[in-house]
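Trainee: Assemble the dimeric complex from its two separately framed chains, guided by the hints.
Residue numbers (the numbering used here), protein chains in the order written: chain C, 1 to 268; chain F, 269 to 657.
These aren't lab readings, by the way, just hints derived from the structure by calculation.
We put the beta carbon where it would ideally sit given N, CA and C, even for glycine.
Be aware that one or more of the hints could be misleading.
What the hints assert, rightly or not - Part of the chain F face toward chain C, derived, beta carbon under 10 angstroms:
1. Val285
2. Leu291
3. Ser293
4. Phe362
5. Ala379
6. Ala380
7. Gly402
8. Phe403
9. Tyr410
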Amino acid sequence: MRIITHTKHAVNISQAERIVSAIGGGILAAAGIKKRSPGGVALALLGGDLLRRGITGHCYAYEAMGVHTAGPGQGQSTSVPYELGIRVDKSITIAKPPQEVYAFWRDLSNLPRFMKNLESVTQIDDEHSHWVVKAPAGRTVEWDAIIHNEVPGQMIAWRSMPGADVDNAGSVWFREAPAGRGTEVKVELQYNPPAGALGAIFASFWGKEPSQQIQEDLHRLKALLEAGEVPTTQGQPRGQQEHERHGAKVTEASEESFPASDSPAYNH
Amino acid sequence: MKAVCWYGTHDVRVENVPEPKILNSRDALVRITSTAICGSDLHLYDGYIPTMKKGDILGHEFMGEVLEVGKDVPNLKKGDRVVVPFTICCGRCFYCQKGLWSLCDNSNPNAAVAERMYGQSGAGLFGYSHMFGGFAGGQAQYARVPFADVGPLKIPEGLDDEKVLFLSDIFPTGYMAAENCNIEPGDTVAVWGCGPVGQFAIRSAFLLGAQRVIALDDDPQRLQMARDGKAETLDFSGADVVEQLKEMTGGRGPGSCIDAVGMEAHGTAIDALYDRAKQAVMLETDRPHALRQAIQACRKGGTVSVPGVYGGLIDKFPIGAAFSKGLTFKMGQTHVPKYMPKLLEHIRSGEIDPSFLITHRIGIDQAAEAYKMFRNHADHCVKVVMRPN
Numbered sequence: 001m002r003i004i005t006h007t008k009h010a011v012n013i014s015q016a017e018r019i020v021s022a023i024g025g026g027i028l029a030a031a032g033i034k035k036r037s038p039g040g041v042a043l044a045l046l047g048g049d050l051l052r053r054g055i056t057g058h059c060y061a062y063e064a065m066g067v068h069t070a071g072p073g074q075g076q077s078t079s080v081p082y083e084l085g086i087r088v089d090k091s092i093t094i095a096k097p098p099q100e101v102y103a104f105w106r107d108l109s110n111l112p113r114f115m116k117n118l119e120s121v122t123q124i125d126d127e128h129s130h131w132v133v134k135a136p137a138g139r140t141v142e143w144d145a146i147i148h149n150e151v152p153g154q155m156i157a158w159r160s161m162p163g164a165d166v167d168n169a170g171s172v173w174f175r176e177a178p179a180g181r182g183t184e185v186k187v188e189l190q191y192n193p194p195a196g197a198l199g200a201i202f203a204s205f206w207g208k209e210p211s212q213q214i215q216e217d218l219h220r221l222k223a224l225l226e227a228g229e230v231p232t233t234q235g236q237p238r239g240q241q242e243h244e245r246h247g248a249k250v251t252e253a254s255e256e257s258f259p260a261s262d263s264p265a266y267n268h
Numbered sequence: 269m270k271a272v273c274w275y276g277t278h279d280v281r282v283e284n285v286p287e288p289k290i291l292n293s294r295d296a297l298v299r300i301t302s303t304a305i306c307g308s309d310l311h312l313y314d315g316y317i318p319t320m321k322k323g324d325i326l327g328h329e330f331m332g333e334v335l336e337v338g339k340d341v342p343n344l345k346k347g348d349r350v351v352v353p354f355t356i357c358c359g360r361c362f363y364c365q366k367g368l369w370s371l372c373d374n375s376n377p378n379a380a381v382a383e384r385m386y387g388q389s390g391a392g393l394f395g396y397s398h399m400f401g402g403f404a405g406g407q408a409q410y411a412r413v414p415f416a417d418v419g420p421l422k423i424p425e426g427l428d429d430e431k432v433l434f435l436s437d438i439f440p441t442g443y444m445a446a447e448n449c450n451i452e453p454g455d456t457v458a459v460w461g462c463g464p465v466g467q468f469a470i471r472s473a474f475l476l477g478a479q480r481v482i483a484l485d486d487d488p489q490r491l492q493m494a495r496d497g498k499a500e501t502l503d504f505s506g507a508d509v510v511e512q513l514k515e516m517t518g519g520r521g522p523g524s525c526i527d528a529v530g531m532e533a534h535g536t537a538i539d540a541l542y543d544r545a546k547q548a549v550m551l552e553t554d555r556p557h558a559l560r561q562a563i564q565a566c567r568k569g570g571t572v573s574v575p576g577v578y579g580g581l582i583d584k585f586p587i588g589a590a591f592s593k594g595l596t597f598k599m600g601q602t603h604v605p606k607y608m609p610k611l612l613e614h615i616r617s618g619e620i621d622p623s624f625l626i627t628h629r630i631g632i633d634q635a636a637e638a639y640k641m642f643r644n645h646a647d648h649c650v651k652v653v654m655r656p657n
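Here chain F stands alone, though its shape is the one from the complex (with noise of 0.2 angstroms):
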């Protein structure tokens, strides 16, 4: 089969790989109908995440028909359509008892490297790193999808590939960043970064009863798209950010900042060009300038949240603000079983298209230039969805 291999830094190669075969039996194998590159994605292109290897299969959100099920996946049968959630979780676990499932205790085969780096370890994800278990990803023609009795969604007919595939990973990540930030009514959300999940974020937002949304992005046309989910937005390149949020909300600033940004934030205050340089000499391997920022602005008793994937260290954290404001963090990965079934809702009734996002349509084999593209905003792209088959 043919699979987008990871071979290093801008090195993404489409090859013929075998096809996988069921290992466990709560495994399926799933024939990949569409699958996207996610902005974390970009993470791994550009080199910021440990433990890669060469030759590792990319891609967490997909979608497909199953093919194939082991003998422990009573729930799902050989042409179900469904969607894949990009967290590997065994639902048995405290965690995902409790809901936590981005914290499987069970799905990591690696987990003690991920314990060496960070104490515990998370749950496995596809195509995400040998720290997070060097599980085969989705930018493929098949997959195997361990436990998957328990995390993918069945999608009822009727809807298109275009319109749930997001339930994998991004609208469930800006839904939950959106969750995460306590929104109370006349609450106004700021959103850094108009990405992918940006997008979702200030969408969710507003489902979850947020007065305003003030979005922010240097990309007029990732600000164009913004707008038109109903925010007003602000574009960070030259402006004194946290000035201007304050005078947007009566001298309050934002009571929700949502961090859609992650470890490698640009932007051209100060301290963005001190990250470069540190992070270039190897001192330091996040970029937070969007978090600071965030901190910086937040209301006093607000809370932020993060979304955007952080890795490593950070300097220069403005823990005095955090601290004086009396501030609430929440992050993480998402938890996404918990979020799908209810945001299909969302999808089915009309309130939501999600496909409003996709800009890049292609086939496989264009998958390495997509990369370059999508990294680099070329060609207005804001996200890149592939058919394999």
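Excised from the complex, chain C in its bound form (with noise of 0.2 angstroms):
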């Protein structure tokens, strides 16, 4: 997860063009200054831009014409329009083929399957869908979300409609991985979260730490595309003595019983 507060350099140009536009914008610039005439001074400029651009990897005339040739990986896709932020790139292999994953995810409804906090999600028609996502004290935060790209088969794109409460976008990619082990599934996922209490509720959507919460989400598709289920603990039984006294949940890791909870083995 990493946190964007500032996106005026974010690389929307790909590496080979980026190398072309600095040695190019290099070569114009000193030509221009060698000129020491209106006519250099310009040529001084645009060299100078495309040299910045290269240096930066960010076009604010693509940026302008929506144009994006970075690849994935070098920098924000487009899928995810939203320029500030949180953003998470999570990733799994599942060994089933891509086409099986991607049906499996493209019916929305299928969603709160795996996505522990999210209620359900309704498709409105093959585009729009509308998303109710738990909140603590039994409430719900709702939004209407649409499907504004897609690859049948490799990729689906969303983003929240105008006028949600918090604007969200993702996008997950499916790729054959290598050798027949099935599918690569990258999630990228932003959001904006907003100021107030609904912040917070939204914020409790991917809990502390939402990089984690996707992480967990993903394990659990795979779990459920590959064994049938997903695995749980929820409702066995367990010692009630001090459990009920002290109304303690099990849910995550503790270091209790650990002597060397201090240990540099162990980041937090």
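Mentor: Structure, rendered in structure tokens:
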């Protein structure tokens, strides 16, 4: 997970193009400076911007036109258009063919089966859907979303509709893993947490650590598709004595049994 | 039902808890007829495994009768006698398909916790901390067995519980330890630790063609048990172990070394005292005395196999010796289902009777005293089997 506070220099140019741009810009700028004429100044300015463009990887003209030549992993993806907020990238490999994993995800009503805090997703039409998220004290947060980009069998991208309480967007890619090992599923998710009480409710959707929440959701998706069920211990017996007295809820690791809890072995 | 619950270091209690239920369609419920305390349970008892919670039900070596099955367990029916592997395996992920059962991708509901600790998560385990799933264990009258269509091994008529119970963990664990150390004809295998896993490692090494097995411990009774298994023995309390092993092998050193001790090794050598001190002040989580000796003693080009459990960090790892001698290391939790059918055949054919190990037979109500006795090697305790029903 990373928090994006300033995206003026978000990379939207591919690596090869950046190198060409930087070298070409450098030559033009040098030539322009040498000329010492109004034409030379213009040339130097143009060259200078090409050089900047190469170095930063960001093209304002591309941004204005919505063009994006950077590949995945090189920067912000077009399918996640919001440039502020919290960005999470998570991947998992699932031993099923991409088409099958894609189809499972594309039936949005399946999402609550593995996304823990999602109560329901209702398909309105082929592109539009209504999302209901569990919030503390039995409350819910809801919004409409649109699938604004899709490559069947490969990618689904969605974002919240204008007027949503919380701006959020995401995409999921399904790529064939090598040697018949199934599908590499990559989720990119971005949201802009609002201030105030609503922000707190929304933050609880992805927990204190949204990247871990999404990681766990992807584990559940994998188990569901590979093993046919999600492993669970909810509802199994346990000793009651101190458990009830302290009302301790066991959902996560604790180091209480561990004499070396300050050990550098464990980073929290 | 009655169950053995963990409440903290040196604090286990037998409690009445609700009976388990089927929670998933691949679950089965088992009425437990026999269950054992494992040496690795002592790591929990001594408080060395993180992510235990008060009230956790212990136990991962158990067998019993199938009481009920979920709708997706076609291979089992009510009344079947089964031994349950301590590793919970989905049978369908990349790792299960490759036979690396203890690395199952889909059986640990708390995989993210293990990932934070270890980078990736292994299989869920019965009764072995929340990092490994937080599954209720089998030191109880009943247990829920997830993915029951994959793990449990049906036991044919005519074989006593005591002969087959250890297929759940320690026999496969000792066998995998021996298999992992690449035994070639003429090889000498040295086994550190003559507890239950060490005893099975000794016997498995011979099954796999070892010429000689040298067993190391400081408990005379356990050394005797090793000699009963045709091993030569070495008391490591006073000896210069590395030098003696060299002398016993024509100066070569044992080609295969098995550390069947793990994280709570005790010794009197200077490095052992150093580890104790560091562990006490929390700079080190595991005491690797046996592992260091195994590395130092191992023949050039040999293999060090580690069935003993390690959980955290160790210090002063002799990487220079390991590198200079070109050693191979193999380790990890046991891929139990891979070995169960083969070892059941060894038992059926009479080549081995695992019940030789059992020193104490108790009911579940004596569990707390039994943990204490086993931990302190009191009353010559090597292996405790409980009949909870």
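Trainee: Hints first: check each against the structure and report whether it holds.
Mentor: Evaluated hints:
no.: 1; hint: Val285; verdict: 4 angstroms, holds
no.: 2; hint: Leu291; verdict: 5 angstroms, holds
no.: 3; hint: Ser293; verdict: 6 angstroms, holds
no.: 4; hint: Phe362; verdict: 6 angstroms, holds
no.: 5; hint: Ala379; verdict: 5 angstroms, holds
no.: 6; hint: Ala380; verdict: 5 angstroms, holds
no.: 7; hint: Gly402; verdict: 5 angstroms, holds
no.: 8; hint: Phe403; verdict: 6 angstroms, holds
no.: 9; hint: Tyr410; verdict: 9 angstroms, holds
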